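Novice: What follows is the residue order along each chain.
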Amino acid sequence: MNATATFATPVSLEKLPRHAHATVAQIDWTRLSVPEARRLRELGFDEGVDIEMLHRSPFGKGPIACRIGRMTVALRRAVAASVRVLPA
Amino acid sequence: MSILPLVALVGNPNAGKSALFNALTGARQKVGNYPGVTVERHSGRLALDDGRPIELVDLPGAYSLDPSSPDERVTRDVMLGRQEGERLPDAIVVVVDASNLDNHLRFTLQLIALGLPVVVALNMIDLAARDGLTLDAAVLERELGVPVVPTVAVRKKGLEELKARLSGIIGSGALRVRANHGHVDEDIVTLQRRARALSVKATVAETSGRKWTHLMDAIALHPVSGPILLLGLLFLMFQAVFAWSQAPIGWIESLFAALENGVTAALPAGFVRSFLTEGLIAGVGAVIVFLPQILILFTFILVLEATGYMVRAAFMMDRLMAGVGLSGRAFIPLLSSFACAVPGIMATRTIDDEKDRLTTILIAPLMTCSARLPVYTLVIGALIPNTQVLPFVGLQGLVMFALYVLGIVSAYIAALILRRTVTAGPSSGFMMEMPKYQWPRLNDVALGLWSRALIFLKRAGTTIAVTVALLWVLASYPVAPAGVKQSEYSVAGRIASGIEVIVAPIGFNHDIALSLLPAMAAREAAVGAMATVYAIDNPEDEAGAGKLAENLRGRWSLPTALAFLMWFVFAPQCISTIAVTRRETNGWKWPAFMVGYLFALAYIAAGATYWAAVGLGL
Ligand SMILES: Nc1nc2c(ncn2[C@@H]2O[C@H](COP(=O)(O)OP(=O)(O)O)[C@@H](O)[C@H]2O)c(=O)[nH]1
Ligand SMILES: [Mg+2]
Numbered sequence: 001m002n003a004t005a006t007f008a009t010p011v012s013l014e015k016l017p018r019h020a021h022a023t024v025a026q027i028d029w030t031r032l033s034v035p036e037a038r039r040l041r042e043l044g045f046d047e048g049v050d051i052e053m054l055h056r057s058p059f060g061k062g063p064i065a066c067r068i069g070r071m072t073v074a075l076r077r078a079v080a081a082s083v084r085v086l087p088a
Numbered sequence: 001m002s003i004l005p006l007v008a009l010v011g012n013p014n015a016g017k018s019a020l021f022n023a024l025t026g027a028r029q030k031v032g033n034y035p036g037v038t039v040e041r042h043s044g045r046l047a048l049d050d051g052r053p054i055e056l057v058d059l060p061g062a063y064s065l066d067p068s069s070p071d072e073r074v075t076r077d078v079m080l081g082r083q084e085g086e087r088l089p090d091a092i093v094v095v096v097d098a099s100n101l102d103n104h105l106r107f108t109l110q111l112i113a114l115g116l117p118v119v120v121a122l123n124m125i126d127l128a129a130r131d132g133l134t135l136d137a138a139v140l141e142r143e144l145g146v147p148v149v150p151t152v153a154v155r156k157k158g159l160e161e162l163k164a165r166l167s168g169i170i171g172s173g174a175l176r177v178r179a180n181h182g183h184v185d186e187d188i189v190t191l192q193r194r195a196r197a198l199s200v201k202a203t204v205a206e207t208s209g210r211k212w213t214h215l216m217d218a219i220a221l222h223p224v225s226g227p228i229l230l231l232g233l234l235f236l237m238f239q240a241v242f243a244w245s246q247a248p249i250g251w252i253e254s255l256f257a258a259l260e261n262g263v264t265a266a267l268p269a270g271f272v273r274s275f276l277t278e279g280l281i282a283g284v285g286a287v288i289v290f291l292p293q294i295l296i297l298f299t300f301i302l303v304l305e306a307t308g309y310m311v312r313a314a315f316m317m318d319r320l321m322a323g324v325g326l327s328g329r330a331f332i333p334l335l336s337s338f339a340c341a342v343p344g345i346m347a348t349r350t351i352d353d354e355k356d357r358l359t360t361i362l363i364a365p366l367m368t369c370s371a372r373l374p375v376y377t378l379v380i381g382a383l384i385p386n387t388q389v390l391p392f393v394g395l396q397g398l399v400m401f402a403l404y405v406l407g408i409v410s411a412y413i414a415a416l417i418l419r420r421t422v423t424a425g426p427s428s429g430f431m432m433e434m435p436k437y438q439w440p441r442l443n444d445v446a447l448g449l450w451s452r453a454l455i456f457l458k459r460a461g462t463t464i465a466v467t468v469a470l471l472w473v474l475a476s477y478p479v480a481p482a483g484v485k486q487s488e489y490s491v492a493g494r495i496a497s498g499i500e501v502i503v504a505p506i507g508f509n510h511d512i513a514l515s516l517l518p519a520m521a522a523r524e525a526a527v528g529a530m531a532t533v534y535a536i537d538n539p540e541d542e543a544g545a546g547k548l549a550e551n552l553r554g555r556w557s558l559p560t561a562l563a564f565l566m567w568f569v570f571a572p573q574c575i576s577t578i579a580v581t582r583r584e585t586n587g588w589k590w591p592a593f594m595v596g597y598l599f600a601l602a603y604i605a606a607g608a609t610y611w612a613a614v615g616l617g618l
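Chains as they are written, first to last, in UniProt numbering: chain W, 1 to 88; chain R, 1 to 618.
Simulated from the structure, these hints should not be mistaken for laboratory data. Computed from a prediction, not measured in an experiment: that's the story for all the values here. Any given hint might turn out to be false.
[What the hints assert, rightly or not] Calculated lysine to any residue pairs in the SDA-like style (CA-CA distance at most 20 Å, straight line):
1) K355(R) / S33(W)
2) K211(R) / L54(W)
3) K201(R) / H21(W)
4) K61(W) / K201(R)
5) K355(R) / V49(W)
6) K211(R) / S33(W)
7) K61(W) / F300(R)
8) K211(R) / V34(W)
9) K15(W) / D46(W)
10) K211(R) / R18(W)
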């Protein structure tokens, strides 16, 4: 959207502010357990897909909800931390 | 009878498979179980457009052929022809959610690659339209190389075409070719990329969609309004259970009173009349009056499920559940357990982590199920003074509330301890799709309620009626000589005297000892049993809930009543719960453990309460 976006550095998905759009830059599969990694792939997480932060659970470290494709997905912050995104 | 061609419905969770299955098969369906696993098999028959009959099975939803729960394993094994109790399907109908093609097409590609004849049902096109999506089924058909039929399962749209395309691929001479023997080479990521590209091709027009869902989530998941909404809904639910049920309860009571009067007038005094009025009518009636409360509770749960709100509630609760090593997913079965632990325990099947699921099963009976309501209502009504503690808050209501909270808190603590001991293991995490909000369909809710009502009435008419009748006979004979209480002299009375030895230290009297055995059959039978026993002891009295409460007042002390309530918070006394736990955990080990730890808790809590109350001079 603005000129600086092209030069933005990837941030952890967990840190993405509400309503912010981003592109998945890289997923650190090694930080995830095998079933976690599989579920994440099945829910459509992949490098290059668009993502939008929708909600953060009201209770401190609770889960987050984001839009990926046409789907809303809830996941815990620990998992979100292994997804690095490039804010749009 | 020859074997019909088998067609399986497959697809992602929430694609509308079950809706399509119901629309296609109507009432001609059967629910069974796959051997060795606790996964239900739903099958039914239908005739294709040319009149040929086929058998249709509704398979559990899955995201891929890589299973992560017992349900998904069945789906994969059926697809590969390896599932015990199921033959390899002659064709499959892949059900996809048109408003979420990106994701659903990935599994579709994987399924098509298996080589079975396929028809794709492009379902929920109404929701796609609501979301501002226009799709071209013809493009999809060309790209996938299999028939694609747009459908709206819940409005029975597109079914005729679906049947026509199915008959085109079944038994058309072309034998099933399984080119790759069930092996799919491409990994998920490659398939996902192809799926996304396909979805872009098939999309004719797109406006920014899901406005509704986003708007609703802005409120339901908001850091402030979200928890308020959840608490408000829970409060409304329990308020409704108690307040809205009063009128229908009154009707049922008068119905049973009329029935009793009718029988009394019609029959001469004697064995048959006493058996009918004191035994059956008093006992069964005391239980059936709770039907309205149970139905109200289930209405709330079914509606919350159908709208899609339940998953939002799970999202909000995840943090709290994570504190004891569970996940937000456990919230749904636990909330259902307030109605009844049996459907609650069955609902744990959606939890993929085995330890997590087991813990949820073990604590589910601590949620105050509706069968405990009759017991609580009776004892509280009889022995807790109806004083006003605060404006709008009566002492009776407060005690009831405290019992519910006690159940929840104990479950929380139990989970904490279990997860560090017997069910220890890594935390399973929480990752789930949040479905679109949907207006609940009256038909589905009504159908769900109807089946619960039937189960309850069947129980009242069988288990409870038999227990109460048996108890009546055992409690009526041998007839006590003058001056001796019938409830102590009879066979049942003597058995109870044996139990009393064990439970006397925790403040339980002879009446309670007598009611504990029938309560094992079904918790609410405790009330029926007491109604029966008091009716036998005082044959001249008219029966009725008021009379029962009056009797309790005369015979129980307050510490005894409190101890009895405590007992019911913990005791896992219902055979159905034990049976379903055995089925869901595949053995006796866990139900035995559950019964053991809950009885121990019940005994200790009841004893502590009794002696504390006595000490306080209550
Ligand atoms: N609007 C709409 N709702 C649908 C359609 N098909 C299914 N549903 C609803 O979507 C939800 C999930 O459907 P269900 O059949 O349980 O999905 P399953 O998990 O694939 O068995 C239910 O609330 C259905 O009523 C459809 O074509 N249109
Ligand atoms: Mg289903």
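Novice: Now, for every hint given, state plainly whether the structure supports it.
Specialist: The hints, checked one at a time:
no.: 1; hint: K355(R) / S33(W); result: 16 Å, holds
no.: 2; hint: K211(R) / L54(W); result: 13 Å, holds
no.: 3; hint: K201(R) / H21(W); result: 23 Å, violated
no.: 4; hint: K61(W) / K201(R); result: 40 Å, violated
no.: 5; hint: K355(R) / V49(W); result: 33 Å, violated
no.: 6; hint: K211(R) / S33(W); result: 34 Å, violated
no.: 7; hint: K61(W) / F300(R); result: 29 Å, violated
no.: 8; hint: K211(R) / V34(W); result: 35 Å, violated
no.: 9; hint: K15(W) / D46(W); result: 18 Å, holds
no.: 10; hint: K211(R) / R18(W); result: 17 Å, holds
Against the hints set out earlier in the document, violations occur for numbers 3, 4, 5, 6, 7, 8.
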